[in-house]
Amino acid sequence: MLLIPCPHCGPRDESEFVYGGATRAQPALDGKTTVQDWQNALHQRTNPRGPIEELWFHSGGCETWITVTRDTLSHQFSDAP
Amino acid sequence: MTNRLSIGGQIDRTRIIDFTFDGQSMQGHPGDTIASALLANGQHLVARSIKYHRPRGILSAGLEEPSALVTVTDTSGRTPNLKVTEVPLRDGLQVTSQNNWPRLDRDAGALMQLFSGLLGPGFYYKTFMWPRKAWHKTYARIIRRAAGHGEADTSADPAQYDKRRKFCDVLVIGSGAAGLSAAITAAQAGATVILVEQDQALGGSALTSSDQLQGQPAPDWAVDAVAALRELSNVTVMANTLAFGQYDHEYVQAVETPQNNNATKAIFWKIRARRIILAAGAIERPFVFPGNDRPGVMLANAVRTYIRRFGVAPGASAVVAVADPQEREDTVAALRTAGIEVQGVLEDGETLLGTTGRLHLRTVSYRNKMGKRRRVVCDLLCVSAGWMPTAHLFAQKDQRLAFNAATQSLLPADAGGLKLMQPVGGARGVLDLSMCIEDGKAAAHQAMAELELHRHLDLPRPTPTSHTGTTFNSDQGKAFVDLQNDVTRRDIRQAQSEGYDNIELTKRYTTLGMGTDQGKTSWTNGLLEIAALTGKPAEAIGHTTYRPPYSPVSIGALVGADVGVEMTPVRRTPFHRSFEKLGCVFQTSGDWLYSRHFPQGAETMAQAIKRECRAVRNSLGCVDMSTLGKFDVQGPDALEFLSRLYCNNFATIKTGRLRYGLMLREDGIVFDDGTITRLGENHYLVTATTANTSSVWRHMQKLLQVDWPDMNVDLTDVTDHWATLAIAGPNARKLLAALSPDFKTDSDSFPFAAVREGTLEGALPVRIFSVSFSGELSFEIATPAGYAEALMERVMEQGAAWDITPYGLETLDVLRIEKGHLSVGTEIDGRRTPKDLGMGGMVSSKKDFIGRALLQRSALQAEGRGELVGLVPEDGTTPIPFAAHLSDAPLFEDNSGVSLGYLTASVHEPTLGHPIALAFLMNGSNRMNEILWAHSPVENRSVRVRVSPSCAYDPNGGRLHA
Chain A
22 MLLIPCPHCG
32 PRDESEFVYG
42 GATRAQPALD
52 GKTTVQDWQN
62 ALHQRTNPRG
72 PIEELWFHSG
82 GCETWITVTR
92 DTLSHQFSDA
102 P
Chain B
371 MTNRLSIGGQ
381 IDRTRIIDFT
391 FDGQSMQGHP
401 GDTIASALLA
411 NGQHLVARSI
421 KYHRPRGILS
431 AGLEEPSALV
441 TVTDTSGRTP
451 NLKVTEVPLR
461 DGLQVTSQNN
471 WPRLDRDAGA
481 LMQLFSGLLG
491 PGFYYKTFMW
501 PRKAWHKTYA
511 RIIRRAAGHG
521 EADTSADPAQ
531 YDKRRKFCDV
541 LVIGSGAAGL
551 SAAITAAQAG
561 ATVILVEQDQ
571 ALGGSALTSS
581 DQLQGQPAPD
591 WAVDAVAALR
601 ELSNVTVMAN
611 TLAFGQYDHE
621 YVQAVETPQN
631 NNATKAIFWK
641 IRARRIILAA
651 GAIERPFVFP
661 GNDRPGVMLA
671 NAVRTYIRRF
681 GVAPGASAVV
691 AVADPQERED
701 TVAALRTAGI
711 EVQGVLEDGE
721 TLLGTTGRLH
731 LRTVSYRNKM
741 GKRRRVVCDL
751 LCVSAGWMPT
761 AHLFAQKDQR
771 LAFNAATQSL
781 LPADAGGLKL
791 MQPVGGARGV
801 LDLSMCIEDG
811 KAAAHQAMAE
821 LELHRHLDLP
831 RPTPTSHTGT
841 TFNSDQGKAF
851 VDLQNDVTRR
861 DIRQAQSEGY
871 DNIELTKRYT
881 TLGMGTDQGK
891 TSWTNGLLEI
901 AALTGKPAEA
911 IGHTTYRPPY
921 SPVSIGALVG
931 ADVGVEMTPV
941 RRTPFHRSFE
951 KLGCVFQTSG
961 DWLYSRHFPQ
971 GAETMAQAIK
981 RECRAVRNSL
991 GCVDMSTLGK
1001 FDVQGPDALE
1011 FLSRLYCNNF
1021 ATIKTGRLRY
1031 GLMLREDGIV
1041 FDDGTITRLG
1051 ENHYLVTATT
1061 ANTSSVWRHM
1071 QKLLQVDWPD
1081 MNVDLTDVTD
1091 HWATLAIAGP
1101 NARKLLAALS
1111 PDFKTDSDSF
1121 PFAAVREGTL
1131 EGALPVRIFS
1141 VSFSGELSFE
1151 IATPAGYAEA
1161 LMERVMEQGA
1171 AWDITPYGLE
1181 TLDVLRIEKG
1191 HLSVGTEIDG
1201 RRTPKDLGMG
1211 GMVSSKKDFI
1221 GRALLQRSAL
1231 QAEGRGELVG
1241 LVPEDGTTPI
1251 PFAAHLSDAP
1261 LFEDNSGVSL
1271 GYLTASVHEP
1281 TLGHPIALAF
1291 LMNGSNRMNE
1301 ILWAHSPVEN
1311 RSVRVRVSPS
1321 CAYDPNGGRL
1331 HA
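First to last, the sequence lines map onto chains A and B.
Position one of the first sequence corresponds to residue 22 (our numbering), numbered consecutively onward.
Position one of the second sequence corresponds to residue 371 (our numbering), numbered consecutively onward.
Among these hints, one or two may not hold up.
[As the list claims (entries may be wrong)] Here are some chain A residues the structure puts well away from chain B; computed CB gaps all over 12 Å:
{"id": "1", "residue": "Thr54"}
{"id": "2", "residue": "Asn68"}
{"id": "3", "residue": "Pro69"}
{"id": "4", "residue": "Pro72"}
{"id": "5", "residue": "Ile73"}
{"id": "6", "residue": "Thr85"}
{"id": "7", "residue": "Trp86"}
[What the hints assert, rightly or not] Straight line, CA to CA, 30 Å or less: simulated DSSO-like cross-link-like pairs of lysine-lysine:
{"id": "8", "chain 1": "B", "residue 1": "Lys640", "chain 2": "B", "residue 2": "Lys496"}
{"id": "9", "chain 1": "B", "residue 1": "Lys789", "chain 2": "A", "residue 2": "Lys53"}
{"id": "10", "chain 1": "B", "residue 1": "Lys496", "chain 2": "B", "residue 2": "Lys789"}
{"id": "11", "chain 1": "A", "residue 1": "Lys53", "chain 2": "B", "residue 2": "Lys906"}
{"id": "12", "chain 1": "A", "residue 1": "Lys53", "chain 2": "B", "residue 2": "Lys1024"}
{"id": "13", "chain 1": "A", "residue 1": "Lys53", "chain 2": "B", "residue 2": "Lys640"}
{"id": "14", "chain 1": "A", "residue 1": "Lys53", "chain 2": "B", "residue 2": "Lys1216"}
By construction, these hints were calculated from the structure, which means they are not laboratory data.
Every residue, glycine too, gets a C-beta built ideally from N, C-alpha and C.
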């Protein structure tokens, strides 16, 4: 079980969090964004072997969506203590 | 206790423990395991092997035991497949042997040995191929009866279990010389230390060693070291605690089996450490030679352990076949102190040829250096081919072991990087106990420096102990590699020749290394056999995947106390106690315990539902709506936020009014529905369905925190703050007036889709929404949760004039199906567009919102998608089967035809006078009044149905505005 560094609560068990996927640019809601813009944002992911910036929702804690960088190979968080 | 030595051993001879083996009374002492007590009572034959029913005894003195599996019965029931070497002896244990009939020493199954030449790997699958149907009914049953281990206890487990957590700087796994040394070093530097030991005794192999450690006999050194550790307040010492798995981020799971008559049978520990020192020691490797599985063949260190730790003579006359000369000498010395005659000691260049003895070893044959065959009468053969590091926990987490030619064993590989788990001592092949002390100290110093608890002292790490190269293996005859699974050398050869030469395939084809011991004594021998057979270097063959648990852990321990009503937390609504008084029957719905129906007298559920439905349609009912998610949305950007969140338009919503809202996912699929109420200029209250409350909340939080951080909106989850009771029925407005609110209740002053805030009787604070899920005139009365019972009292008191009828989930469902309202999980099932649900017209074209773009995808806009429709039986009376499929012919009888759609809900006895159903039907909106077949393969019947609008009750909504 991962130990996730929450900036507010400190390192906490993964079971307190809900995964939010890799961070991505949110297409604007200006009526002009196309199907393709959203397809790219939603489905075209790099899924790297190595560091990935991702979101976790601390549902069992401070209810903050936190952004962390995790190495998908070693599970090490680059900003972990 | 015929074989108990008169002196020696770390057992309490002042107390006798009574137990039974296969019904026979036996005695032991505190400090014994079942194994040492059986041996003390002269019981060497303990088990029958899984496949050939060969007689088996006790090979080892630890968790690695492959053969001596038994069923142990105590006050908490029967536990099968325990190793006699792992269970501390307790009063009243009933130990029974397994896999034999009619009895252990005369087992009919032993006839299987006559066919052993046929029973190679894959035998069953190659042989019992025809007739095909006979496999399930006949062959599998016979084979399962003939082969196997103990039988599980299927009765409820009365024992108590618990789960606990611990945190520390340094977790030390294993309390031998290396572990004790590491724990002391770390503790003296100020680290918080947890030391776990699987055995009931602390000290590991130091307890049975004849070495001198730091000027003391090894057992004394261990006892002193443990005493010194117990003095330290920053150290927790846990015996009887098996660390069985290592997981991400230095997370170790362990199970403790308290032996102090504690009411708790097992405690599941979840330990998070900053550094882990793995000092789990090493396991001895037997030789592979004909008859090597006979009771009386025992690992040499196990022999020394039974003599020195338990004061038991495991035989009367012995032959010693130990590869390491020093250990050979030590074994002979131990045998002599126990008064066991040493009949022969094998030297380099000699070979073990075979053994005899029906149920116990009688003779051992070997070829001596002159090439002559010698036969020696004895009842104990002490074997040791070398040592295998217990690095399982290291290997479980993405780290590999690598075969090391010098040590002839798999050693932890150095993967580079920061090593947060450090194997020390025997676990990395360092066998000399003085060296183990040095190794533990050096590893602990390194961890202390990394944790900045100590300045860095670069102490040298001892090198792993080299193997002498001596082997007494013989390559002829029936020699067992894996005793637990009856895997012989010949089986491994056959697997290689049939092409199962990948190490993982060899394991699965032969079962080498499977079972409850997971090949602890057999794996390295198997690897060396494969290397010899294939000519490949052992380094290139590798190993199979190590997975937790290191040794079997009972499901009861993992579940802990989370059984029965404690399985999950239960949420009760604020009306729970009021409903209990009304005789409510509850049901679980997610986390909630929700009202299902309110039977009167001897009513059945169906009768109660019918009565409740009629009451709501004809007069008045009330229902709990508290479980709906309720979110308070405030701020200058609140309206813009909600406008982006929901797909329908409510830019014109006025203060005091509410709208239905339909929320899409980013991919255009319907996510949730609810109401949006405008309470003030920049103040809204939105609801989410019960099932989606937490996911909608998370979604809203993500949008505001991550995607649109510039929006000035405050969100508060007020779900638990409000108790909500809906009053529904033609008399709802009359009741509302009777409740004396401080605002006008006539239909002009308080129309449909509005909200009023105030008090009832000048005291009870309320927020009332005119909104309906039932299709009747309805008001949802919300009050702060603490007023719930007071509100319920008023409603029942004033509602009595109209026979107010409380109703539950069942009636709620019937009414919403009649009205064609949607339910999450049935109609909102994660695959539907608004148009599929008959709400295409609601989707705003005047604004952008979450899901707009991807809703335009061609597949979501295509013709022929399943659309929500209603169904009525053509004859007006036949109930439509649940989950039926729709077609234009009575289908499926010959497994042909195409389903045009399927039912999501069906009501057999609604208030309409005829059964109805809801269904997703291909192109449904263009099929009104068509006659189709609803077919249920489950009920094996078809019903002719007419397609109708999804809203069967009051389609114009006149009743809502009354």
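Cross-check of the supplied hints:
1. For Thr54 of chain A, the requirement that its beta carbon stay farther than 12 Å from each beta carbon of chain B is not met, with the minimum near 5 Å.
2. Taking the minimum C-beta to C-beta distance to chain B, about 18 Å, the non-interface status of Asn68 of chain A holds against the 12 Å cut.
3. Distance to chain B confirms Pro69 of chain A as a non-interface residue, since its nearest Cβ pair spans about 18 Å, more than 12 Å.
4. Look at Pro72 of chain A: its CB is around 15 Å from the nearest CB on chain B, clear of 12 Å, so calling it non-interface holds up.
5. Remark: the non-interface label on Ile73 of chain A is consistent with the geometry, its nearest Cβ contact in chain B lying 15 Å away (cut-off 12 Å).
6. Not every beta carbon of chain B lies more than 12 Å from that of Thr85 of chain A, the smallest distance being close to 7 Å; the non-interface claim is violated.
7. Its closest Cβ contact with chain B, about 4 Å, brings Trp86 of chain A to no more than 12 Å, contrary to its assignment away from the interface.
8. Taking the CA atoms of Lys640 of chain B and Lys496 of chain B, the gap is near 45 Å; set against the 30 Å cutoff, the hint is violated.
9. Under the criterion of a C-alpha separation no larger than 30 Å, the hint pairing Lys789 of chain B with Lys53 of chain A is inconsistent with the structure, at around 52 Å.
10. Restraint check for Lys496 of chain B and Lys789 of chain B: not satisfied, since their Cα atoms lie roughly 47 Å apart, outside the 30 Å limit.
11. For the given pair, Lys53 of chain A sits about 64 Å from Lys906 of chain B by alpha-carbon distance, which is inconsistent with the 30 Å threshold.
12. Our distance criterion of 30 Å between C-alpha atoms is met by Lys53 of chain A and Lys1024 of chain B, whose separation comes to about 29 Å.
13. Simply put, Lys53 of chain A and Lys640 of chain B have alpha-carbon atoms about 52 Å apart, too far for the 30 Å limit, and the pair is violated.
14. At most 30 Å may separate the alpha-carbon atoms for a hinted pair to count; Lys53 of chain A and Lys1216 of chain B meet this at roughly 12 Å.
Checked against the numbered hints given earlier, this structure breaks hints 1, 6, 7, 8, 9, 10, 11, 13; the rest are met.
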